[in-house]
Every structure is written in C-alpha cells, then in structure tokens.
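Visitor: Here the protein sequences come in this chain order: A and B.
For the first sequence, position 225 matches number 225 in the working numbering, and the numbering has no gaps at all.
For the second sequence, position 68 matches number 68 in the working numbering, and the numbering has no gaps at all.
There may be inaccurate statements among the hints.
Stated by the list, open to error - Just the calculated beta-carbon pair ranges, DEER-fashion:
id, chain 1, residue 1, chain 2, residue 2, range
1, A, Phe-49, B, Val-129, 53 to 61 Å
2, A, Ala-103, B, Glu-191, 40 to 48 Å
3, A, Leu-17, B, His-106, 36 to 44 Å
4, B, Val-129, A, Lys-245, 34 to 42 Å
5, B, Pro-333, A, Lys-245, 37 to 45 Å
6, B, Leu-29, A, Leu-164, 22 to 30 Å
7, B, Arg-60, A, Leu-17, 57 to 65 Å
Said to hold, decoys possible - A short list of chain A residues far from chain B (calculated; beta carbon distances all over 12 Å):
id, residue
8, Ala-83
9, Ser-264
10, Leu-266
11, Arg-283
12, Gly-285
Simulated from the structure, these hints should not be mistaken for lab results.
Every residue gets a Cβ at the ideal spot worked out from N, C-alpha and C, and that includes glycine.
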Amino acid sequence: MNAETPVHRMRDSSIPLVFAGFVLLVGLLAPLLANEVPIVARVGGRWYFPAVADCFGQPSAGPGDLAWKQWWSRLAADSPDFAIMPPWPYGPIETDSALFRAAPSVAHPLGNDDTGRDVLSRLVHGARTAVAIAAPAVLLAGLLGTLLGALAGFFRGWVDLVVLRLVELFLCFPTLLFLLFAAAFFGDSRGALILMMASMFWISFARIVRGELLSLREREFVLVARGLGVSEGRLLRRHLLPLAKGQIAVTAAFSMASAITTESTLSFLNLGPGSVSWGAMLRQGSQLAYLGAWHLWLFPALTIIAIVTCCHVLADRWRTPRPA
Amino acid sequence: MRRWLAMRLCWLVLMLLGITFVTFVVLDLAPVDRAALEVARAAQTSPMPDAQSRDAAILRLRIRYGMVDEATLRPAPVLDRYLAWLGRAATGRFAGPNEDHAALWHRLGEALPVTALLGFLSLLVAFLVGMPLGVQMGMHPGGRCDRLVSPLLFAVGGVPEFLLATLLLLAFSGAYLQWLPANGLRSNGSEHWTFVEQVVDFGLHLCLPVAVMSVGPLVLVTRFLRASVARTLETPFAVNLRALGIEPSIVRRRLLVNACAPVVTLAGSLLLMLVGGSIVVENLFALDGLGHLLYSAVTRQDQAMVMALVIISSVATLFGLLASDLLYRLVDPRVRLSS
C-alpha cells in the first residue's frame, strides 16, 4: 500500500536488529566496556580482574592506598606491573573536578555532567540498568504468558476460563501505578521490580498465544497428528507452539519497549533501582539545561527514543509477513 | 439485556475484590514500616529520650494504622486485616481504624477535579484531532495524508510520555523559549486580575500538560479509526453501495457510522493510559491532581492513600469498560443480537 514511507523502507534494513543486539551486548558487558578500573592488572606478581568483578558486584580495591586509576596513571614505563584498561577508560561515577558540565570534546565526545562524570560511560552503564530490568522481566512474562495462554487455548475448558478471568483482572491494573509503588516500597530490590513487571506484562503474551492456538488447534494437520498417535504434549510443544513463535516475538518486542520505557520513567521519577539510568540522566539534564548544558538532556533523550523506536520497528516488521 | 447488565455488575464487584486483595497483599509484603518511619522522622526534629519511649510511640502508631491488633498487640493475619480493611472501605473509610478519614477525603476531593479536567481535555483533543485524521487516512489508504501522517504517528507513538513532557518543557517554558508557564494551574498573584485574564492564564497553564497527555490517546484513536475505516471500505455492503451509484456523501455517511462505532471499545485502554499519563504529567508540571497525590503517597509510604487511589483508578477503569460495552451494544445492533 504505502511502500515508500521511511518506516516501511526501514523494514528491510538490518539496522534495527543490529542496534537492538548492540544495546543488549553493551548492557551485558558495560563494566568491561567503560570503567575506571582495569580489566586485567598485574601488581607485584599478583593478577587482578577488577572490571570482571564489577560485572557481578563490587570491584576489588586498588593496590596499596591508591585507586586503580591513580595507580595506572603513575605506572612507570619500565615497570613489570601492567594493566589492560577497558576500551573507554572512564567510570560512570568517576568525577573530574576540571570538567564540570564540560561540553563535548575529543576526549569526552558526549561531554561531562555537573560533577564531571563522563556522559558516554553513563549511557553505557544506563544500558546495563535497562537491560538488567527489562530483559528478565520480558523473559519471565513471556514464559509465564506463553505457558498459560497455550494451556488455555489448547485445552479450553476450565483452564481457559480461569486464565481468561485472570487476564481480565490484570488488564484492569494500572501498570505504572502498580510499578510505582512497587519501586518505592520494595526499595532497591531489583528482583521485586522484575517480578512486578513480569506480572503486568504476561497478559499480552497469554492473550496472543491463546488466540493463535484457538485457530491452530482447528487445523487439519492437528487432526492428522492426533490420528497418527502424537501425544497431546508433543503436539503442543513440537507442532503448535513453533507456529506461534512469530506472534510471541512481536509481543516480546512490544513488551521490551514498554519495559524500557517503564524503567526509565521510574528512574526519571527518582524511584528506579539502578543508580545510573537513562531516565535519571534525563531528569538531571533537563534541570541543568538553563545553564546551557544541552548535551546532558539531548543524548539520554536520543538513546531512549532510539531504543524504543527500534523495538517498535522490529515488532512491526515481525507482525506482517515480508512481502514476497 | 437486564440479565446481561446484572451479570456484568456482579463481575465488576468480583474484579474490584480481586484488585484490592492483590494490592493489599503486595503492600503487605513490602518491607516498609510506616509507623517506624514516621517516628524516625519525628525523632529528627525532637529527639526521643530513650529506646523504650520510641518503641511505645511506634506501637501507638501501629495500632492507629491498624497494623497490629489492639487487644493482643500482635500483627493479625493478612486475610483478617484485609477483611477489616474491606469493612471500613465499604463505608468509605480508607484510612486506618483510628485515623482522620475526613482529611484523606479532603485531599482526594481537592485532587480529583484537576485530574478529571486534564483527562477530559486530553480525550477531547485526541478525539477532535484523531477522528477526522483517522477517517481521512482510512478513506484514502496510501494517499498523501496517510503517507505523511503514518510515519509521524509511528515516531511520536514511540516517545515515552516523560520524555515528550521534558522536551516540550525545555522547548517552550524552560531553557530555550519562555512562551508558556511551566508549573501549577495559575500564575502567582493572578487572583487580582480580571476574569478574562484569569481564563487566559488558566488556558496557557493547561496547554503543555494537555498536549503531553493527549498524544498517547491521539495515536491510538487515529490508528484505530484508520484501520476500521479502511476495513469497512472493503466490506461487501460498501462495495455494493458504491456500485449502485448512490451519492458519495451518503455512502460516506453509512460507512462512517459503521466504522466509527467500534471506537467506543477503546474506552478501557484510554482510561488506563490517562492514569499512567497523569502520574508523569502532574509530577512534572507540579499540578495537584491524583497522580501527584499518588507520587507523594508513594514517597511517604502512605499505604492507606495508595489503596484509596488504586480503588479510584480501578473503579474508573472498570466502569469505563462497562460503559464502553454498554455503548457498543446501544450503537451496534449486531452486538446486541449476537449475545
């Protein structure tokens, strides 16, 4: 129909998928990509991996009384000690008093915030916060919703009735309201927030999968499979659910977009669990905009818009089969 | 019809029970002690002499909020407390057993009109703009209007509300242009102005919040109508009407009646959207509505207020859904006859 709009031209490009994968990867590996502590360091014959430790918790303290960064900058050229720093050697909470609200420069391409923290590094770690909340939440919601939706659509009867009523119940919950008080009352508990988010998002998976299975179970190949003696469980697992895969992917992309939106909304309202988050950066940036620090709101805003739009483009692409 | 309505009302009550129970349990699970928190806050201004009197103060507050049983001084089981709360709530007393109910109702009563006004205006804008736009796009799929607006809707629909609000604030009433007021509903000292000036001032204050809140509903309504109109265009009856050579304006009217009726089914999702939107918008534009009340209740961990707000928003949503079903049955005889 309207084949020439930019949105539809985007359909066939690989940019959205590559970008989404890139953000996911950056989110997973953030402490190894941008950090003020080295990935590998050898100090006096002992090996340290502080950035790797940062992926799972706190990095180990630097050698002696020095922070890792000080030790690294004072390292003599002929010293037997050495360190491999991450590709972007600035941490998300590493301050620099010489660079308060510094505009983008060659050394810091996205500038520095009001305490001299590097914006690029904070964006990278913000991706980590977003991925750490959104990915498990969507995964959990997808598993639960697919399971319940499949059972309801395939077996009908009382299972269907119960699942439908549950879906109706959860449909009436105001998502943001619920997550707001979850975020506030459970404090910094990331797990509670993920659980809450999953319990809000599973309904869309359940509805989609149920609808798909309702039409699939009437198809002739199901009759043939039953006639050949395929068990019900195997029929559902091996023959029906794979056919609903496309719809599940669409729902996952949409849920991912709303999970990231919700996470950044919560942190924008000062309620999110992560310390470094895109939403919080945007709030801070918009409060400092009157001082001329345009880079503090522009880059977080662009990042959020890019990732959310990317999820929507993917969902749109997977929903309608590619024209032959 | 009457039987259907009775069934729906029963179901509505059951849903309300379900929603309040889930909310109550989740609030109960939260590792938050409102009494201890309040005593700690009081201790900052006037230091408590010793631990014993502090414990006594906490216990007094716990009894006041209904967190422990008055006779045994132990926390009652969740179900008992939920039933007790339900009994109080049924008579409109949402706060703890010994708390000031009038104060809570007073705050709700002050906040409700603000949110209702915001919601009404943004729905009005969404429908006034979205209906003609969606119809135009649906009547000529792939036409100039469709090609221009579709990607725009796609782009705007992906921008989170808080982000849109921040960008608009920055652009029009912040660092770059100072065209519109940024917070509150009226300017300082406006009570001495003439009536016309006050109305204009009020309107200017509403511009940005309503703009932000109407974007989500606008995108939803426009997309829905575009699809609905385009679908109706392909139906046999529409093709038949055109083939008979009936005047285009009459065909158009018959088409639109059929295509626009299902729009009432959007009421539920629109209401939920407004609830979410009002939290963000009222917080950002410093409007004293329900969303702002919720945010402050959440940050002060005031569970009674949160429960009251959950009930208000879910009652609104449930009645919205009921009203949309009812309207749909009224405007579309096919739905009425099929059930």
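Visitor: Does the structure break any of the earlier hints, and which numbers would those be?
Guide: Per hint list: 3, 9, 10, 11, 12 violated.
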